[in-house]
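Listed below, chain by chain, are the residues.
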Amino acid sequence: MTKETKHNPSILENNGLPEFERDYFCDARPEQSRPLAKYIEKFLNWARANSLWLLGFGTGCGAVELRPLMTARYDMYRYGIAPRPTPRQSSVFIIGGYASVKTTKRIIRSYEQMQQPKFVIALGSCPINGGMYWDSYNTINRIDHYIPVDVYIAGCMPRPESIIAGFDLLKKLIKEGQAEGANKYIENLDWYKANQKKIIKDWNMPDYNW
Amino acid sequence: MKEIIQRLKQQFTISNVNQQRVDLTFLSVKKEQAVSLISYLRDFEKFSHLVFLTAVDRVEDIQFQLTYMLHNYNTHQDLGIRVLIDREKAEMASIHHLWKQAGTYQRELKEMFGIDFPGSPRVDESFILEGWDNIPPMRRDFDTKKYSEETYFPRPGRESHDPESYMKSKLYPEGDA
Amino acid sequence: MADILRTALYLFISVFVILNYGLLLNGLVRKIVARAHGRVGPPIWQPWLDILKTYAKRSAISHGVMFFLGPIFRLAGGLGTYLFIPAIYGSVMFANLSFSGDLLLVMYFIFFGQLGMALGAGEGGHPNSAIAVGRGLSQMTSFELPFALSVIALAIQYHSLSITEIVAAQQGGILNWTIFTNPLATFAGLFALLGMNMHSPFDIVLAPQEVPIGPPTEMQSSFLGILQTNRAIFLSAKLVLFMNLYLGGATNIFAMMLKTFMLYMLSVVVGVSFPRFRTEQSIRFFLGVPTLLGLAAVIIFML
Amino acid sequence: MFTPDRSKYPEIVDGKAVIDLDSGKYLKLWQGPQHPGVTGNMSLELIVCGDEVVDCKTHVGYLHRGFEKLMERRKFIQNFPIVCRICVPEPDTNEYLYAAAVEEVAGIKIPEQAKWLRTLNMEMSRLTSYLMWIGGHAGAFGLGPIGQWAVTHRDYMLDLFEEWTGGRVYHMYMIPGGVRNILPDGFDRRLEDTLQKIEKLMSEIEKVMLNNAVFKMRAVGLGIITKDMIDRYGVVGPIARAAGMKRDVRKNSPYLMYEHLDFDIITGTKSDAYERLLVRFREMFQSIDLIRQIMKYIDNSKNIHTKLPNVLHWKIPAGETYVKAESTRGEYGYFVVTDGSELPRRVYVRGPSYSHAVALLEDLIINVNIADVAGLMTSLHTYPPEIER
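Residue numbers (our numbering), protein chains in the order written: chain A, 1 to 210; chain B, 1 to 177; chain C, 1 to 303; chain D, 1 to 389.
These aren't lab readings, by the way, just hints derived from the structure by calculation. Mixed in with the good hints there might be a few duds.
[As the list claims (entries may be wrong)] With a straight-line cut-off of 20 angstroms between C-alpha atoms, the simulated EDC-like cross-links for lysine to aspartate or glutamate are:
| # | chain 1 | residue 1 | chain 2 | residue 2 |
| --- | --- | --- | --- | --- |
| 1 | D | K75 | B | D162 |
| 2 | A | K198 | B | D143 |
| 3 | D | K75 | B | D143 |
| 4 | D | K197 | D | D159 |
| 5 | A | K197 | B | E150 |
| 6 | B | K146 | D | E68 |
| 7 | D | K75 | B | E125 |
| 8 | D | K227 | B | E164 |
| 9 | D | K227 | B | D116 |
| 10 | B | K145 | D | E72 |
| 11 | A | K197 | B | E130 |
| 12 | D | K28 | B | E125 |
| 13 | D | K75 | B | D23 |
| 14 | A | K201 | B | D133 |
| 15 | B | K145 | D | E342 |
| 16 | A | K198 | B | E150 |
| 17 | A | K197 | B | D124 |
| 18 | D | K57 | B | E125 |
| 19 | A | K198 | B | E159 |
| 20 | D | K251 | B | D23 |
| 21 | D | K315 | B | D162 |
| 22 | B | K89 | B | D124 |
| 23 | B | K145 | D | E68 |
| 24 | D | K75 | D | D339 |
Small disclaimer: the values here were computed from a predicted structure and weren't measured.
Could you build all of it, start to finish, from the sequences and the hints given here?
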């Protein structure tokens with residue numbers, strides 16, 4: 001991983017990293033990406049909406065309903081949704097239910113490694129307000145304090161049908177150009193980082209994972 | 001089971017023998033004798049399977065109660081061995097040399113209760129939590145609700161009621177439930 | 001000058017057609033595999049959408065110069081393979097850049113893309129890509145052996161290293177095809193094709209449960225887009241090559257589509273019904289029966 | 001005694017291998033948590049030399065919700081909806097064990113019909129869980145279609161559960177004192193239809209997977225667990241049975257109505273991944289058979305629930321107990337301590353994956369090809385949430 005050539009006056013501190021590792025990571029602040037001209041962007045949004053690659057990261061028990069969704073009974077491939085094993089290539093992140101602190105750290109890392117535009121769907125009631133584990137010491141209560149969320153799907157567990165409905169809503173948002181979570185994240189990077197660092201006590205990763 | 005208890009009584013000081021079910025017995029033993037009792041049970045009484053090892057926080061007596069559950073596959077008997085240890089200086093001899101998985105249980109106990117098992121493999125590495133800087137969460141004096149509310153931004157609007165009084169007021173406003 | 005322009009135009013059309021054909025094949029096969037799974041499967045135009053979407057990503061992370069060059073080498077390999085194969089026998093437009101020794105060049109280009117990709121994936125720094133590249137190169141070396149033997153047998157049989165001449169020699173009836181005149185070499189070659197197409201049981205490079213999709217792990221956005229483009233071109237190029245060598249080539253585009261589709265279905269059917277080999281099992285497989293078949297083919301035609 | 005062959009190491013000091021990552025000979029490879037080849041959300045920190053694993057550390061805790069702590073601050077009846085969340089593919093074992101433990105400490109007897117319904121629920125969930133597992137296991141070896149077929153048929157079972165209990169994944173069916181409802185009309189017919197579908201699927205799986213030459217090449221001889229390892233690592237369930245040990249809680253210490261049912265403990269001999277698959281495969285047939293046997297005893301007119309005191313201030317006398325049941329992965333147990341108040345003092349959940357996924361896997365994985373890591377993991381049928389709870 002080499003340094004980006006772009007230089008930004010406000011540089012990420014990366015002070016969670018040991019000295020010798022700081023060289024490996026880019027310390028420039030991420031920049032918001034601008035949409036293209038109107039009709040081109042509309043066309044591209046249509047393509048994006050119909051080719052959603054979701055990151056194959058079962059972060060919680062919601063992942064168990066992704067299996068039926070991927071298989072013959074519900075078959076999400078019909079709608080252009082396919083799982084992808086690496087964050088670099090995927091565009092949708094499904095938060096499968098509750099996120100413990102240890103998983104949240106991985107969620108943030110994976111989310112930042114995804115390329116823009118990227119979308120987040122939060123499954124179940126736990127990422128909304130803690131759900132069943134609202135008083136647990138190890139699960140976060142609101143995922144939108146750590147990463148921006150486009151679509152919430154309530155329920156414990158949400159049925160595969162409701163997940164498909166959630167995808168439909170996401171497609172609608174993308175086509176309307178409203179799913180700009182990645183830009184929102186970069187715009188409010190400091191707020192998100194402060195929240196993240198509040199719960200992740202051993203912050204040993206770069207401030208933004210390029 | 002009775003014969004085994006009799007034989008054990010000859011060698012060890014055991015107390016509080018409680019036969020919960022036909023195939024489940026609990027007994028208490030002193031901390032110093034625990035490991036030799038467990039080794040004896042494993043090697044001579046065919047209690048060859050360590051089912052689990054866990055702790056109960058008896059905060060009012062300032063003690064931890066460790067429970068070693070052993071199983072005998074020949075007679076299909078479960079035997080729970082209770083060991084009381086001091087809560088302030090929680091330390092117990094390790095049994096990882098008897099069973100491999102005991103090391104895992106001890107790692108968990110170290111993390112969740114703060115009970116130390118000197119010599120147990122990787123006992124100081126974090127097992128489940130990551131970067132935990134509070135008191136061990138499974139101790140009774142750790143308030144998980146308070147911690148959660150302070151740390152994880154509870155979404156406003158959640159109300160919690162005591163189910164008894166709430167149901168009484170909602171469902172049976174005049175009568176007695 | 002006009003000649004060159006016309007050739008360039010023809011090449012452009014040829015590549016455009018083969019790219020879309022590759023994507024169509026991709027979409028079709030996804031549909032067919034889905035039927036084997038009991039699913040409906042994605043719409044047939046899904047590959048076009050996927051490729052459009054990857055190119056439309058707003059950000060791209062590079063890990064260095066070689067990381068840029070990796071996908072480009074890969075695409076060059078795919079294009080190079082295709083451009084020296086006459087896709088349709090007798091057609092000026094699809095004759096591409098075929099010349100008298102093109103078979104050797106094509107064999108080189110099949111290798112070339114993989115090597116370029118290996119360098120690019122190595123620069124990505126992901127350990128899984130490095131492992132997958134190692135697996136890919138060793139598997140490629142092993143299936144190259146039966147393939148090379150098969151090609152040597154063909155060269156001896158037809159006394160030529162030009163694909164056009166080999167196709168010409170197979171014209172005039174179904175029994176003139178290599179598959180009937182030289183079945184041993186054909187089967188050695190088809191085994192190699194199974195390996196080249198990297199479907200199960202030879203999908204050890206992309207093996208999602210082992211080295212999640214392998215070399216392209218770090219590739220994203222337009223890097224991945226280039227790879228997807230290449231995958232379509234390279235796939236059809238390989239199929240066209242094998243069709244030319246073993247199935248008598250094609251005299252029109254429909255015959256080409258039919259024959260390449262049948263060839264690809266071979267890989268797909270085998271892929272659906274078998275689990276994956278381990279790396280050394282795969283190598284051992286290629287060095288076993290297929291190599292012996294190839295050797296036998298060479299020896300028979302030497303005598 | 002089994003000690004993994006660590007001869008590839010440069011040296012071993014105090015039982016720990018000295019691995020110099022800078023030497024360029026070894027590569028550290030993280031498998032998971034974001035990796036399709038890992039069951040659930042856990043990760044393996046592998047050190048590989050060439051294609052072979054020379055050292056492994058299991059990292060769990062990504063799914064830790066602190067159930068045991070949460071249960072200590074919920075009333076007995078409030079705990080009942082959260083216990084099933086501990087294990088997602090097979091929640092019924094948790095429900096049963098929690099209910100059984102509470103009943104035992106509180107001294108409640110449940111009606112016989114409730115026991116039959118519980119037994120039926122447990123066997124159906126066993127079949128459901130195995131279907132999911134066999135899909136994952138085939139997928140780990142790159143045999144995609146089996147995963148698709150099996151998970152689809154699992155869905156048919158979930159439909160039955162939904163019709164019966166109202167819940168698709170979490171059934172919340174066995175409450176302390178009995179069960180929640182009787183079988184709906186015509187359930188037996190639809191159950192039989194589904195069972196026949198599954199039997200047909202199984203015969204197809206046998207053709208495509210069990211008799212597949214390539215699959216055999218991969219699975220035979222993978223991850224052999226010798227008999228002396230069984231006790232040393234606390235191995236239970238189908239893994240122990242595949243090594244020839246007659247260990248099945250259903251038979252050894254019968255609970256619910258299993259003593260009235262006719263079945264044998266299925267054992268294997270070779271104790272490799274293929275044998276474990278075979279044992280589980282035969283247990284699926286056994287499960288289908290048991291479901292058919294149980295259906296003969298179901299009588300919807302009988303009482304299914306004991307009257308409980310007002311559960312909102314239900315004080316259970318002080319006591320402690322350990323109840324166990326056979327889940328698809330082996331002995332599952334609940335250790336419940338009460339102190340006479342409205343809240344349980346301590347609930348400890350003993351998941352079988354606990355010893356399998358950490359101590360056993362870490363030693364078994366030594367010298368295994370990286371390609372087989374996923375297959376080995378699924379063949380142990382580890383399920384992370386019951387490790388960290």
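query = Which hints, by number, does the structure contradict?
reply = 7, 8, 9, 13, 17 and 19
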